[in-house]
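2 protein chains.
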Amino acid sequence: MGEGSEAETGNPTRKRRGGGRAGSAARRGSAAIAQSPWRIPVNIDAPTEPLGEEGVAAIHEAAMVVLEEIGVAFLNPEARGILAEAGCIVEAEVVRFGRDFIAEMLAHAPAEWTLHARNPAHDLTIGGRHILFGNVSSPPNYWDMDLGQKIPGTREHCANLLRLTQYFNCIHFAGGYPVEPVDVHASVRHLDVLFDKLTLTDKVPHAYSLGAERVEDVMEMVRLAGGWDEETFTSRPHLYTNINSTSPLKHDYPMLDGWMRMARRGQGLIVSPFTLAGAMAPVTMAGAVVQSLAEGLSAIALAQYIRPGIPCAFGTFTSNVDMKSGAPAFGTPEYMRATQMTGQMCRHYGLPMRASGSCAANVPDGQAMWETSNALWSAVQSGANIVYHAAGWLEGGLIASPEKFVMDCEVIQQIQRYLEPEICATDAGSLALEAMREVRHDGHFFGIKHTQDRYSTAFYQPFLSDWRNFEAFQQAGEVWTAERAHVTWKRILADFTPPPMPDANRAALEDFVVKRKQEGGAPTDF
Amino acid sequence: MGEGSEAETGNPTRKRRGGGRAGSAARRGSAAIAQSPWRIPVNIDAPTEPLGEEGVAAIHEAAMVVLEEIGVAFLNPEARGILAEAGCIVEAEVVRFGRDFIAEMLAHAPAEWTLHARNPAHDLTIGGRHILFGNVSSPPNYWDMDLGQKIPGTREHCANLLRLTQYFNCIHFAGGYPVEPVDVHASVRHLDVLFDKLTLTDKVPHAYSLGAERVEDVMEMVRLAGGWDEETFTSRPHLYTNINSTSPLKHDYPMLDGWMRMARRGQGLIVSPFTLAGAMAPVTMAGAVVQSLAEGLSAIALAQYIRPGIPCAFGTFTSNVDMKSGAPAFGTPEYMRATQMTGQMCRHYGLPMRASGSCAANVPDGQAMWETSNALWSAVQSGANIVYHAAGWLEGGLIASPEKFVMDCEVIQQIQRYLEPEICATDAGSLALEAMREVRHDGHFFGIKHTQDRYSTAFYQPFLSDWRNFEAFQQAGEVWTAERAHVTWKRILADFTPPPMPDANRAALEDFVVKRKQEGGAPTDF
Numbered sequence: 001m002g003e004g005s006e007a008e009t010g011n012p013t014r015k016r017r018g019g020g021r022a023g024s025a026a027r028r029g030s031a032a033i034a035q036s037p038w039r040i041p042v043n044i045d046a047p048t049e050p051l052g053e054e055g056v057a058a059i060h061e062a063a064m065v066v067l068e069e070i071g072v073a074f075l076n077p078e079a080r081g082i083l084a085e086a087g088c089i090v091e092a093e094v095v096r097f098g099r100d101f102i103a104e105m106l107a108h109a110p111a112e113w114t115l116h117a118r119n120p121a122h123d124l125t126i127g128g129r130h131i132l133f134g135n136v137s138s139p140p141n142y143w144d145m146d147l148g149q150k151i152p153g154t155r156e157h158c159a160n161l162l163r164l165t166q167y168f169n170c171i172h173f174a175g176g177y178p179v180e181p182v183d184v185h186a187s188v189r190h191l192d193v194l195f196d197k198l199t200l201t202d203k204v205p206h207a208y209s210l211g212a213e214r215v216e217d218v219m220e221m222v223r224l225a226g227g228w229d230e231e232t233f234t235s236r237p238h239l240y241t242n243i244n245s246t247s248p249l250k251h252d253y254p255m256l257d258g259w260m261r262m263a264r265r266g267q268g269l270i271v272s273p274f275t276l277a278g279a280m281a282p283v284t285m286a287g288a289v290v291q292s293l294a295e296g297l298s299a300i301a302l303a304q305y306i307r308p309g310i311p312c313a314f315g316t317f318t319s320n321v322d323m324k325s326g327a328p329a330f331g332t333p334e335y336m337r338a339t340q341m342t343g344q345m346c347r348h349y350g351l352p353m354r355a356s357g358s359c360a361a362n363v364p365d366g367q368a369m370w371e372t373s374n375a376l377w378s379a380v381q382s383g384a385n386i387v388y389h390a391a392g393w394l395e396g397g398l399i400a401s402p403e404k405f406v407m408d409c410e411v412i413q414q415i416q417r418y419l420e421p422e423i424c425a426t427d428a429g430s431l432a433l434e435a436m437r438e439v440r441h442d443g444h445f446f447g448i449k450h451t452q453d454r455y456s457t458a459f460y461q462p463f464l465s466d467w468r469n470f471e472a473f474q475q476a477g478e479v480w481t482a483e484r485a486h487v488t489w490k491r492i493l494a495d496f497t498p499p500p501m502p503d504a505n506r507a508a509l510e511d512f513v514v515k516r517k518q519e520g521g522a523p524t525d526f
Numbered sequence: 001m002g003e004g005s006e007a008e009t010g011n012p013t014r015k016r017r018g019g020g021r022a023g024s025a026a027r028r029g030s031a032a033i034a035q036s037p038w039r040i041p042v043n044i045d046a047p048t049e050p051l052g053e054e055g056v057a058a059i060h061e062a063a064m065v066v067l068e069e070i071g072v073a074f075l076n077p078e079a080r081g082i083l084a085e086a087g088c089i090v091e092a093e094v095v096r097f098g099r100d101f102i103a104e105m106l107a108h109a110p111a112e113w114t115l116h117a118r119n120p121a122h123d124l125t126i127g128g129r130h131i132l133f134g135n136v137s138s139p140p141n142y143w144d145m146d147l148g149q150k151i152p153g154t155r156e157h158c159a160n161l162l163r164l165t166q167y168f169n170c171i172h173f174a175g176g177y178p179v180e181p182v183d184v185h186a187s188v189r190h191l192d193v194l195f196d197k198l199t200l201t202d203k204v205p206h207a208y209s210l211g212a213e214r215v216e217d218v219m220e221m222v223r224l225a226g227g228w229d230e231e232t233f234t235s236r237p238h239l240y241t242n243i244n245s246t247s248p249l250k251h252d253y254p255m256l257d258g259w260m261r262m263a264r265r266g267q268g269l270i271v272s273p274f275t276l277a278g279a280m281a282p283v284t285m286a287g288a289v290v291q292s293l294a295e296g297l298s299a300i301a302l303a304q305y306i307r308p309g310i311p312c313a314f315g316t317f318t319s320n321v322d323m324k325s326g327a328p329a330f331g332t333p334e335y336m337r338a339t340q341m342t343g344q345m346c347r348h349y350g351l352p353m354r355a356s357g358s359c360a361a362n363v364p365d366g367q368a369m370w371e372t373s374n375a376l377w378s379a380v381q382s383g384a385n386i387v388y389h390a391a392g393w394l395e396g397g398l399i400a401s402p403e404k405f406v407m408d409c410e411v412i413q414q415i416q417r418y419l420e421p422e423i424c425a426t427d428a429g430s431l432a433l434e435a436m437r438e439v440r441h442d443g444h445f446f447g448i449k450h451t452q453d454r455y456s457t458a459f460y461q462p463f464l465s466d467w468r469n470f471e472a473f474q475q476a477g478e479v480w481t482a483e484r485a486h487v488t489w490k491r492i493l494a495d496f497t498p499p500p501m502p503d504a505n506r507a508a509l510e511d512f513v514v515k516r517k518q519e520g521g522a523p524t525d526f
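Just so you know, the protein sequences line up as chains A and B, in that order. Here the first sequence is numbered in UniProt numbering, starting from 1 and rising by one per residue. Here the second sequence is numbered in UniProt numbering, starting from 1 and rising by one per residue.
These are calculated hints, taken from the structure and not from any lab test. Ideal Cβ placement from N, Cα and C applies to all residues, glycine included. Incorrect hints may appear among the rest.
To be verified - Quick look at which bits of chain A chain B covers, simulated, 3 or more residues with Cβ under 8 Å: (1) 51 to 59; (2) 274 to 281; (3) 414 to 422; (4) 459 to 468.
Stated by the list, open to error - Away from chain A, derived, C-beta distances all over 10 Å, residues of chain B: (5) 104; (6) 125; (7) 143; (8) 156; (9) 195; (10) 264; (11) 364; (12) 513.
Please model the complete structure; the sequences and the hints are all you need to start from.
As C-alpha cells, then:
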C-alpha cells in the first residue's frame, strides 16, 4: 500500500501520505486522486465525414487554385529563396506553388512518426489511429477560484500548470507555455519556462518558433535534458513546434525561421492556420478550410523540400467569429464541422492531424463544458491525432485555469475510456447468458460471480464527478464541479513529485540557462 | 418589427414588449429570446457503429436465446392469454417466445410513422433519419436557483416546465410530466396535468401507462383537445406511451395494460427497458443490451400481435451503476457505447429508436453539461429518432430544473444546427475563391460582399452562451451559465403565450375534468 518505489517517484525524501484510499490510487502513480493509467488511445470509431467524395475533390481543387493563382505570402527571404530554387514562382513576397510540386512534397511527408520523450515510457506515435492530448498553451492570462479574477500569468502559475500536465496520465505531451509568465522578461522567458518544463515533466515538449535564438536554445535544452548527443538528437524528433499562419494567406518571418530550423534538425512540425471564418478567412466553412489548406500545405511543402521525410502534421484551427462582437467562438456547430472536414482532407493528403479542445466561456461553468465537449468530441470524430489545448483553456485561449484543467481531464479520461474496445466486447462472457440464466426474472446482478469477477474494471471511475444522490451531495456541502476541481488541483500540487532526472542532465541544463542569461538571452525586437 | 400577427400568437390582448432586439426575436415567435426556428432535424451523419457484423449477430442470437429459453415474466394475465393464443409457451408468469414469432411480429412494425399533434405544424415523423427532442419526464423533485433546494414538484412547477416545453422550438414533443406534481392527489393528477399540458402546449403529448382509467382518460382528453371524432382519433397516432420493463426480464401489470389499450386504439408505443448494468442487468454492456432487447422485443411482439402495424419504437435506457454507491451513472463512456450498440440493433430490426439526454449531476454545473453532452451526442451518433429527457434533467432523473432545461436547449439547438447540411456545402460560393481573390494576403473578410451576403445566417447564434471577452463578461456582473439560465427561464415565462385552442375544445376538456373528478378520478391502489 505504498506510493511506488523511490526509484519511480524519484524523490527519496518524500513523506508517505495516506493509507487505504491513497494506497489504491498509488498503484496508478499518485495518492492525490485515483486517475486512469497512462495509455496511448487508439481511435476505434470510423470518422464522421460530412463531405462526400466530390466535396473532398472540390476543396482540394480550390486549395490548389489558391496555391497556384493567389499564392501565399512568405515574409521570410530565406524561405522565399528556397522556394524559388525549388521552382515556385516568387513575386515580391508572394509565392505561388504548382500542384505537382505540392503533391511531390506531400508524398515525402510520413503518415506516422514518433516523438521520443526523455522518459521512453512517454514516447508518442503521431498519426494512424492514435489520438493524443496536450495541455492548454499560450494564454497570456490566468484565472483560478482563489483569485476569482483574470490576471497576467506568472512563472509560478505556469509551473503549477506544468505540474498538472505531468501529473495527469491522460495528458500525453507538454504543449506551449500553459500560461505566458509575464513576470519573466521576454528575453529569458524561454530559458526559465523550458527549465521548469523539462524538470517538472518528462513528456514530449514544444518549442515556440519565435526567433532563431529561442528555437535553438530550446532544442539545446531538450537535448541536454534527455542527455542525448547531437547525432542522436537530430536523428529523430524529440520535440515539436507549432506555427500559425498569419491569415489570410501569409506566413511571418519568425514562424518560418523556427519552422526551417526545426526541419533541419529533424524535429516535429505542426502548422495550424488560425482561419476564423468571417474575419481572416471566408465566412463559409468550406472557404475557411480551403484557405487553411493553402496556408498549411505551403509550409509543409517548404519543410519537405528542406528535409524530405521530415515529420509534419496539419492542424485545424478553423472556427467562426461571433458576428455581433467579432470575438472568436469555439466548440460551435460550425467549428465541429470544420474540424471533421479538415480530418477528411488530412486523410486525403496522408497527413497526421491536429485539432483542439477549446471554448469561448470565461469561467469553468456549464457553457465551458458543453463548448469544450463539442470541441473534444469533434476531434475524436475527425480522426485527429493530436489534441492541443485539451485541458485548461478558457476565454478563447486568453485564460488558463487550473480548475478548468482538472475538469477537462475528467472529460478526456472519459474519451479515452470510450475508445477502449472492451466496452463493446461480444464474447460469451460479455453476452452474459449464464448470468441471465442465473438471475432470471427476480433478484439482481450485484452479488453474482459474473458481476464480482468484472465490477472493478467494468465501468469508468471518475475522480471529479459526483455521482452521489442529492442528499449526499448536500451533506457534503453542495460543492459544484468548479469548486471540487479547485480542491482537486490544490491536492494534486501538494502531492506532486517531479519526474526523476539524472543529476548531470540537470546540472547541464542549469549551466546552460546561466550562460545564456549572461549572454543576454534572446532579442525581443521581433 | 412587431411580434407576429395576433393570429400567430393567439392572444389578441397580449401587451407588446420591447423594440429592436425583441423585434428580431419576434420573427422567430417570441420576444423573450432569439431562438432557432422549429424544424424537424434530419441526422445526416453515418451512425457510429462499435459492433461489427458478427457483434450484431452475436447480440441478436443471445437475445433470441433469452426469449426462447429464459423467457420474460408478464405480470398481466390478459397479456399472457394473448401470447398463449399466439403460440408462445406460457409457464406460470413466464412467457417464452420462438424467434420465428418475434421475427414475424417485428416484420409488422413500421420503420417510420407519424404522430399527429393538435397543431398540424407540430406533427412528427418517427423513424428514418429524423431526430426529435422532448422535455425531461417524471422526476419527483424540482430544483431551481431561487430555491437552491430540492423539493417535491408542484402543479405550478410542472406547468412552468410545460411552458418551456412549448416555448422552445428545439423541443418537439411533450413527454411525461416534466415534474411529478405531488400537491395534486394521485387519483386526479393525470386530469389536472393533462389539462395543463393540452392547454399550455400544442405539441404531441405522452400518456403514462399507469392503470386503465388514466390511460383511457388521457386518450379521451387528447381527443377532445384536438377536436377529433373517435374514428379520426384511432385511425392514426396522436399521442404515445412509454413503458419501462421491470428488469430483469419482467413487465408489470399496469404498464402492459396501458400498452395494450394504446395499441388497440392505434396510438404510439415506446418500450424502454431500464437495464442498469451491474444492478438489474448484467455488468457487461453487451449483456445489458441483450437483456434490454429481450425485454423490449417481447413487448413489441405483443403489440404487433394485438394490432399488426401498430407504431412502435425501441428505447434504450442502458447505463451502468456506480460500483461504489450503487447509484446509476449517466452520460458515461459505457452509456454512450450502449446507446450506439442499441442503435445498431434497432437498425437490424427496422425499429425506430429512442435514446435520452441524462446526467448524474445534482446541479446545473460543469459535470451536468459534460454528462448531458455525452448523452445527447451519443443519441446523435446512435441514429436515435426520439431523444427523451433532452432538457431539464438532473440527479439521474430525480430532479427537474428550469435552469438545466434552458441550458440543455442551447446544446440541443447547437446539435440541430450541426445537422444542417449547409454548413458543409462545397458549391462555388461556399468554396469562396472569389472572396480570397478579393482579399488576397492583406486585410480581412469582414466587409466584403461575400461576407455581407451570408453573415446573418452563416453561424449558429446562441441565446444563452456568453461569447464576449472576460472584461465584458465581468462588467456584466460575471454571471455564470446557470445564473444566466435562471434569468432566461423567468423572462420566457413572463412573456409566455399559450397556443390557441378553440373554445369548444377547451370547454369539452374542462367538462371532462370536472366529470371525472366527480367520479373520483382513477384508483390509486396499483
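Outcome of the hint check:
1. 51 to 59: Check passed, 5 qualifying residues.
2. 274 to 281: holds (count 5)
3. 414 to 422: holds (count 6)
4. 459 to 468: holds (count 8)
5. 104: Holds, because the least Cβ-Cβ distance between residue 104(B) and chain A comes to about 24 Å, which exceeds 10 Å.
6. 125: holds (23 Å)
7. 143: violated (8 Å)
8. 156: Holds, since 21 Å exceeds 10 Å.
9. 195: Holds, since 30 Å exceeds 10 Å.
10. 264: Given that every Cβ of chain A is farther than 10 Å from that of residue 264(B), nearest at about 26 Å, it holds.
11. 364: violated (6 Å)
12. 513: holds (33 Å)
Hint compliance for this structure: hints 7 and 11 are not met, and every other hint is.
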